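Student: Based on these hints, arrange chain B on the given structure of chain A.
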Amino acid sequence: MRFKYVHLLVLVMILLSFTASMKSLKINDTFRLLTPQTEFEAGHDITLKFSTNSDSKPDLYLSNSYGSIIIKPVINRSSLSYQLPKSLGNKTGMISWKLLGSTLYGKLNIHPKQEVATMETYLGPPSIETGETDYTMLVVIPTDIHDNPLKDNTQVSVMYQFLANESHDTIYMKNSISYKNIYSKTKTGRMLISSECLNKNSKEYDINILPTIPTDFTITYNRNHEYADGNQITTFSTSIIKDKYDNIVSDGTYVDFFITNASNDILKTSGSTVQGIATAKIIHPDHQDIWEVKAFVKGISESDSISVTYKQSITYFKVAFSEGNKAITVGPLKSFMGQMIPDGLEVKLHILQNNIKIKTFYKDSFTGYATFNLNLDSFPDSTYTFKIETAGIEKTYRNIKL
Amino acid sequence: MKKKTNKYLIVALLLGLAFHGTSIFFTLETTYDALIHLFFADHYANSWFEPWNYKWYTGFTVMSYPPLVHQAIAAFSFVGGLKLGLFTVAIISIILFITGVYRFALLMTSNKTVAGYAAILAVLSSSFVETLHLFGQLPSIMGVSILMHALPEIYLWIKTGKYRYLLTALSLIAVTVTSHHVTPIFGMIFFIFPLIGMVIMDASREQVESIKAITLKVFLNSFFKLFKRVISFGMFSLIIIIGCILPYWINSKNNPITQVPIPHGSRDNFLEITSSGLVFFLIPWGILLILLPYIFYRYYSKRYVFFGLSITILFILGTGGTTLIPKLILGDTAFNILTLDRFTLWASIMSLPLFGEFVYRFAEGDLKTLIQKRLGAIYHRIVGGILAGLFIFMTIFTMSLGYFRPSQPQQIKMLPIINFLNQDQHDQWRYMTLGFGDQMAWLSAQTNAMSVDGNYHSARRLPELTTRPIERLENSKFKGLEGIGSLQQFLTTPEKYHLKYIFSNDKFYDPILFFCGWQRLRQLENGIEVWEKLNIPPMPSILPKDDVATWQKILWGVIPFLTVIMAFMLNIQSLWIRALKTKVTPLPEYLNFKNDYSLFSKGLLKTTHIWSFFLAMAVCFGIYKFYIKNNAHHSPENAIIAYYDALDFKEFEKAHSLINPESNTPIAQYMLEISVTDGLLSSYAKLDAIETIITNKTDSLATVKVHTNWITPLEKINKTDHKSLIKLNGKWFIQPDDIDLDLPPDQLYSNNVTTYFNQGRRRITTQQTHHEDILKQPVLEVLSAKLIKFDNSYVLIGEVQNIDNVPADVVLKGTLYNDANKELATFNAKYHVKHKLMPKEVSSFKINFEGIAWSKTQDSIPKTFNPDEFTPMEFHEQPTKFNLQVAGNVSGSDLYKKATLSDLDISPDMINGKLFNSGLEEITIPQLLFTYYDANKNMIWVDHLFLEVGIRQQRQQAFEYSLLKNNDILLISNDMKNCFVNGLPNEAISNKIVPNRIKNHTHTKLQSIDHPNYKFIKIEMNNYIGNPN
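Respectively, the protein sequence lines represent chains A and B.
Residue 295 in the working numbering sits at position 148 of the first sequence, with consecutive numbering throughout.
Residue 181 in the working numbering sits at position 170 of the second sequence, with consecutive numbering throughout.
No lab work stands behind these hints: they were computed from the structure.
Treat the numbers as computed from the prediction; the structure is a model and nothing was measured.
Honestly, I wouldn't trust all of these hints.
[Said to hold, decoys possible] Heads up, simulated SDA-like pairs for lysine to any residue below, C-alpha to C-alpha not over 25 Å straight-line:
#1 B/Lys94 - B/Pro420
#2 A/Lys510 - B/Asn671
#3 B/Lys787 - A/Glu351
Isolated chain A, as found in the complex (with noise of 0.2 Å):
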């Protein structure tokens, strides 16, 4: 018995359930779309009307780029109304439509409001190169109220001045946007521009075009003297370095200078343009040297080669010896005129033992003058040698005893 209970239970609940869903496939019903127009502009109220003969309300599911919706009727008597939500009436482009339980299906064209409101405009990169080549590109959307970009093949004009010159140019309107490659010119400057659509502008823009890669350049020095008391500073300065458009190059540029010595040995100083000139400052040497000085900007230009010439500031030092060859005094420095030497002159005591060097000391000069104290228990009681180096001067003292 009770197994037929639940054969029946199962029996109403099939036919139950296939009244229900007869319900909403009545497709006997009929509807006619009232409303023949399918272009409509942008921010219009629109509203698609259809005719019935039946008590029944289908929702109308709607469609466009951004989504889908489903909205209700208004029923007027015969006619039912669907009014399309702002939402997908003020964005351009199509919206399809279908009138759920009927086969009503079909598509809506929304254009755009042909008034600019706002002028949506890119520019970049926002410098480029001078030459001719590097270009940035402009790309404008004139857009309506709406935020939609206006109908292609609108018109628009771009405005540029630059130095002397104003000049524009007209583009149009493809694909939604419209769009100009700018490109530098063979001056540096900056490049003013601005749009205009339906006589709406957009406000300014600016690019920079800065100078290219620098070409060749020459170089020349300037010092105090031509004494090597390394006491004093050169300056090596460029000349005004240019790019091949006769552009002086960006402030800033960064120049090597490269000293050969005439040990061959490669010292280094730097400087970094402003308004084309580099400098570099040195000091000199403390012995008479012979540079080669040329400059390079690495892998893209270079200097000419300059010689410089540093005479010996001091010919002649003495030194004395005492407390038991525990004190050495090195002096008088003197200088070209006879002068005594800047405090600071470098002096090396190198002491060596059976030709091996020991120990290096180094003083400063004070006054003319670089005195050694040696601690005398840092060396065992033998007899050394002492070699006295400054200036590039050398003097040796053997077998001094200690």
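Tutor: Quick look at chain B alone, frame taken from chain A:
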């Protein structure tokens, strides 16, 4: 019997609240732990039920610490802010501690006066003062206080078997475990087990006539009788310990602590490292040390014998690494994870009842009688005065330790930092603090921005952190090699962690930041320097987290407060009755076992005297040693060590006091000389080790060779100086060194330089930077790049040029691949590149592929300290290709290029030369980059040298560089196909901007050297300006 409130307890509570309640406002925030608990509390205040915290360590779970105290602070914070919560909870724990000690002492001694004495002593005991005011361990105090409250209930349950007591005992255990997990576990062993022993002893006592009559048999009998109660209590408490913080145990099981142990002072050998001995042994024991014979004597009496065993073990474990025994008892793992100071804390707390007892007997009991009779009343008074004086001295000493030796940097005003992080979407990136101490937790609590660092090391997850024994990156300078090593990995590859901002409160880290490619942004108004790294992507909006089941979250959020409510409800009745004496109740069972305070042992008095004498001798000897070691003029070694210490701590006046007074160096002259020296060694070095060798010594003269090791943020510097000393009037003085006599050529001079300023956004707005304000990334060009194998490590070397018209910050990122294009390693250029390039400037670069040091446990961590150490990445496959990504960003800072190479002297294994500073800024740390070439002028290696001494304007500085001797350099690849600049192919860019590049342009200007493997070298200069004008 008329019940009276215990006056001593009232006094203890009033004293405790007045003393601690006021002083916590001055101490608690500078303790080690309090701010960490505050940070956790902030987490609960914001998301009570969500255990995941993003703010530290790229995310961690707060289920790694029992929550009760944090949740309590959080709950109070809803009323009046986090700090109010902290102080409220601190005051509650003070009350709980004092009452806890009272109840514990009453249980132990069955004498209310003694218990009252113990409570008063507990208020001022140095171990409690230290734990609260120096360590700030609130959960630990809370845990141990409630455990002490639980002890009488446990006693009564086992003794009487009334279920009421079982419930109250268990409820209190539950509160203990939710406040601190370690306390009930070890409390079980060290407090509850001996207590159970004592109960059984008491039960046995009731069987026999006297305590002496208790035999093992009687004891065992009682034990079996009470066995059921003991076991049931044990089982239930086990369930509670596990159940109440179940998510904690699950988390510990899922994320076992696999990290390298972090050194802790409590594991040191206290005799060697006396500062640890002071903090972890002398202070917590304090005056109890004098009473040790009494404490041990009493605890080894029959009734307390189990406490005797317990306190012995605690005492020994508390001695840390002084002897080998703690390590043998605990085993290596536990020894290295546990901080052993807690054992001493527990031992000192366990001693409190007996301390109270001693004072009672001394002040009004049999000991007083004994001393007065045998040694006289005056002696008694003097000894009493001395003991009281010592006790108060220890309290004051402990309280003021944080004042005299601050464990934390000065309090930092956080508001400017918080404002900075809130501005301009700076919180879209992670930040890091340097030199903030534990205050970094307070900053984290106040901002939404996230840090890569953190202050709860058990929760660390990044292998870069867990493999190092450092607590925080924050204070890495104190952790030597491991610390700086870890830090520099974060600084070199910050984009991995979205780390863009660093707040530095310590100038020490400036050089490492600069040479890792960071730039100074500005100084905030609180003096904190902000450093920034360019080219870091912001954090993604969805961050990973380890989620746990909802039931765990609910359990975690609900149980702790539930345990408090339960405990409150169960104990309120007895508390009410006890406090207000509303009802006459029978005396608790434990009050039946009175001690006899009528006959103080004479032998014990004698032993205590001998022991005190011995202690006094030890103290005197210690003070003598301390004096000898610290009397700077005592010996040449002392003078040298004191002099270097003074220099290290920048105490120039003290350093000057060690200079020969007859050398005509007045302090003004000395200070002037010091003030003009700058550089890595004088401004950024920390003295690590010093060794003095006396090469010659007479009665009045000495020459000393001083070997010093200095830790700088960049590298370790070993120096050997020769110093002469002279003895004048029995004091040793150091002869001053020569000073630099060089006179610069010009008095006033000028330089024309180009400086830059990037506006950022031109309009003041909270919106994102407008597109027209975004600058073009400067175009760079990789001139050459090759993959080199050297000694099992792989490096990328090459040259990069800024070919744009604006200065560029350069980030170089290299990635290595094998033949199957599998990515093997990636790293950024660190020291071996000029990070800031002027237009058209070139820099050589080298990218080392660094591994995470000691990532394998078998790698032993070297004991020595070397921030320069490099751990090559281990490759299981052969790298054959590389990808080099170069990114340029406009930067106007750190563009000082005025170091010139003014002299060179090349020998086969050495380059000596001089640098001249021709510009307007003082160069703090000059760096030289050496590029090595072979005979065909092919670049084969890049090396660097930091000069220890800075270069003042128009001065020269000599340098000395040893040429490298390595010879097994192997070229793996020089295919530059995969070099990209700002994401675009290098070659295309190069062809566009520099189409007719002069190849090998400056090759004629390479310095030739006489070396078997290298024939040419190129020297480039890079400079760090510490104090830009």
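Student: Against this structure, judge whether each hint is valid.
Tutor: Hints versus structure:
At most 25 Å may separate the alpha-carbon atoms for a hinted pair to count; B/Lys94 and B/Pro420 meet this at roughly 19 Å. Distance restraint check for A/Lys510 and B/Asn671: the Cα-Cα separation of roughly 21 Å lies within the 25 Å cut-off, and the hinted pair is therefore satisfied. Taken as a hint, the B/Lys787 and A/Glu351 pair is honoured in the structure, with Cα atoms around 19 Å apart against an allowance of 25 Å.
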